[in-house]
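From first to last, the protein sequence lines stand for chains D and L.
Numbered per this note's numbering, the first sequence spans residues 33 to 194.
Numbered per this note's numbering, the second sequence spans residues 894 to 1058.
There could be a bad hint or two in this list.
To be verified - Under 7 Å between C-beta atoms, here's a sample of chain L residues computed to sit facing chain D:
#	residue
1	N913
2	S930
3	T935
4	F938
5	L944
6	A947
7	I950
8	T1044
9	R1047
The set of hints was computed from the structure by calculation and includes no laboratory data.
The C-beta atom is built at its ideal place from N, Cα and C for all residues, glycine as well.
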Amino acid sequence: MFAYVEASALSTWIREADTVFAFQGILVAHALGMGFLAGGNAAIDLRILGVARGIPLPSLERWFPVLWISFVLSAVSGVLLLIAYPTKALTNPLFHVKIVCIALAVWLMQVIRKVVLRGSGSPKGVRLAAVSLLLWIAIIGAGRLLAYTYTRLFAESPPVGF
Amino acid sequence: MEPWEVWVRATTLAAFVRDNGVWLWPLCETLHFIGLSLLIGTVGFFDLRVLGAARQIAPVHLHRLIPWGIGGYLLNLTTGTIFFFGYPEQYAYNRAFHFKLAFMSIAALNAALFYTAAFREVRTLGAGDPAPLRAQVITGISLLSWLGVLTCGRLLTFYRPPFFH
Chain D
33 MFAYVEASAL STWIREADTV FAFQGILVAH ALGMGFLAGG NAAIDLRILG VARGIPLPSL
93 ERWFPVLWIS FVLSAVSGVL LLIAYPTKAL TNPLFHVKIV CIALAVWLMQ VIRKVVLRGS
153 GSPKGVRLAA VSLLLWIAII GAGRLLAYTY TRLFAESPPV GF
Chain L
894 MEPWEVWVRA TTLAAFVRDN GVWLWPLCET LHFIGLSLLI GTVGFFDLRV LGAARQIAPV
954 HLHRLIPWGI GGYLLNLTTG TIFFFGYPEQ YAYNRAFHFK LAFMSIAALN AALFYTAAFR
1014 EVRTLGAGDP APLRAQVITG ISLLSWLGVL TCGRLLTFYR PPFFH
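Build the full structure now, drawing on both the sequences and the hints.
What follows is the structure, given as structure tokens:
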């Protein structure tokens, strides 16, 4: 299955095309998406934790279109990177940890919207925001460490020695 | 090797980075990504508000988050200095790094321009108020220059010189 994906035209193009719009451009898109998605969520979490109290909590809902566009940018670029290197990602337990953390963080983003931003002053808000912040830090850390922790690059290649 | 590089390589910091790269490098990379996210999430979103997004939030309130963006930026200056001292030639002779420094300079000059020429008007804006054109132009340049910094930073690794000193 991994070998089939790795041999596909799209996978090969992302890895090998001699243009900045292939692998390099996808990495840039993934980093930009991360900056707006993790950063925007962190800003909302900080407000809930007591920074910039002048911002009315309900008004923060206005940022959700930006957060969702950033999520789509990150997710699409992430799927393309996964198509380029499926073995490298999916044989690494840390990748699965990252995906679970992303699912939790995006679900929490919606919970915060419904419970904290719409129902101003929920006492649960502070705890939810703190967990959200920690999840985004974990996602960034896991994502960065993927480059150091993989054990197999391709389906057909032997394990990498560390 | 140029004299500046001889000096950089003789520092305690350079030796520390090279001796502890195994854990220090991934840690600093992670902190660098966290710092850039803080910067985009505060300064970037402030710029977007002045440009017309989420107008229901008064810019003066959003501005209270800016110190966290400055904190992220200082974190990145620190981790960036650690990277540079570890392998100075990999940055000094790297086209992407030159562009990154250029975008950083534009962002810095532009921030100074914002606080001298636009902030007085922007801080009086209430919820729903559109920002004057001058403030929009300046924050537009801010947003684009930070995106330029991020883009060049992510591309650094592909433009490294083919030699190590």
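Results for each hint:
no. : hint  : result
1   : N913  : violated, 15 Å
2   : S930  : holds, 4 Å
3   : T935  : holds, 6 Å
4   : F938  : holds, 6 Å
5   : L944  : violated, 11 Å
6   : A947  : holds, 4 Å
7   : I950  : holds, 5 Å
8   : T1044 : holds, 5 Å
9   : R1047 : holds, 5 Å
Consistency note: the structure conflicts with the earlier hints numbered 1 and 5.
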